[in-house]
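A.B. asks: Work out the full structure: start from the sequences and follow the hints.
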Amino acid sequence: VVLGNFTPETNFFHRQVREAGGAEVIFPGAIYESSIVQALRFFSRFYLHGHRVGGTNPSLVDAMGAGCAVIAHDNHFNHWVAGPDAAYFKDESTCAMLFDRLLANDTAVEKMKAASYSRFRERFTWDQVLREYEKLLSYWYPLNKHESPLSHRTQLSDEADLTTKALSDVASATNGDSDRKTSKIGE
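Take the sequence shown: its letter number 133 is residue 133 in the numbering used here, and every next letter is one higher.
Bear in mind the hints are in silico, worked out from the structure with no lab data behind them. Even for Gly, the Cβ is constructed at its ideal location relative to N, Cα and C. Where hints are given, some of them may not hold.
[As the list claims (entries may be wrong)] Cβ-Cβ distance ranges computed for the label pairs, FRET-style:
{"id": "1", "residue 1": "Ser35", "residue 2": "Glu122", "range": "24 to 30 angstroms"}
{"id": "2", "residue 1": "Asn11", "residue 2": "Arg131", "range": "41 to 47 angstroms"}
{"id": "3", "residue 1": "Leu103", "residue 2": "Gly4", "range": "19 to 25 angstroms"}
{"id": "4", "residue 1": "Asp91", "residue 2": "Arg18", "range": "18 to 24 angstroms"}
C.D. replies: Structure, rendered in structure tokens:
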């Protein structure tokens with residue numbers, strides 16, 4: 001199932017995509033009802049994420065929250081979000097190879113699904129995201145207003161340093177990501 005506003009009658013690229021899909025691929029159009037999209041994610045064999053840039057993409061995070069086996073474009077943004085247990089492709093031929101290999105391997109797909117959901121629960125629930133922001137703000141804003149931020153920083157643990165780096169990485173990775181405002185992490 002490929003979701004999206006495809007207009008093959010007026011868009012040459014859309015026509016090429018539809019023709020390349022074959023009889024087993026369904027193009028139902030854009031679906032905006034979240035319960036239907038959630039059901040499609042939950043019952044899908046894979047979630048194919050082709051974004052090449054952007055950071056913490058909400059559709060990828062939502063797919064992980066639904067427990068989808070993720071096949072994603074091989075770039076640092078997607079690796080940071082989906083983690084080491086997703087499958088990654090660099091081009092059309094490696095994507096096709098992953099489909100061929102994983103369509104025949106139920107055990108690998110189930111492991112990927114479990115890993116996606118686990119990574120979602122560890123990194124992307126609202127409670128976790130808010131804890132990370134709280135650590136970051138505590139790291140840079142001293143509890144005692146008479147302290148300098150630098151003296152406060154030296155008292156913090158290595159965990160806070162890692163949190164700051166991770167959130168800094170997220171901030172730089174999501175710079176310019178217009179979708180981040182509509183994220184439904186943890187729903």
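A.B. asks: Could you work out which earlier hints the structure fails to respect and list their numbers in ascending sequence?
C.D. replies: none
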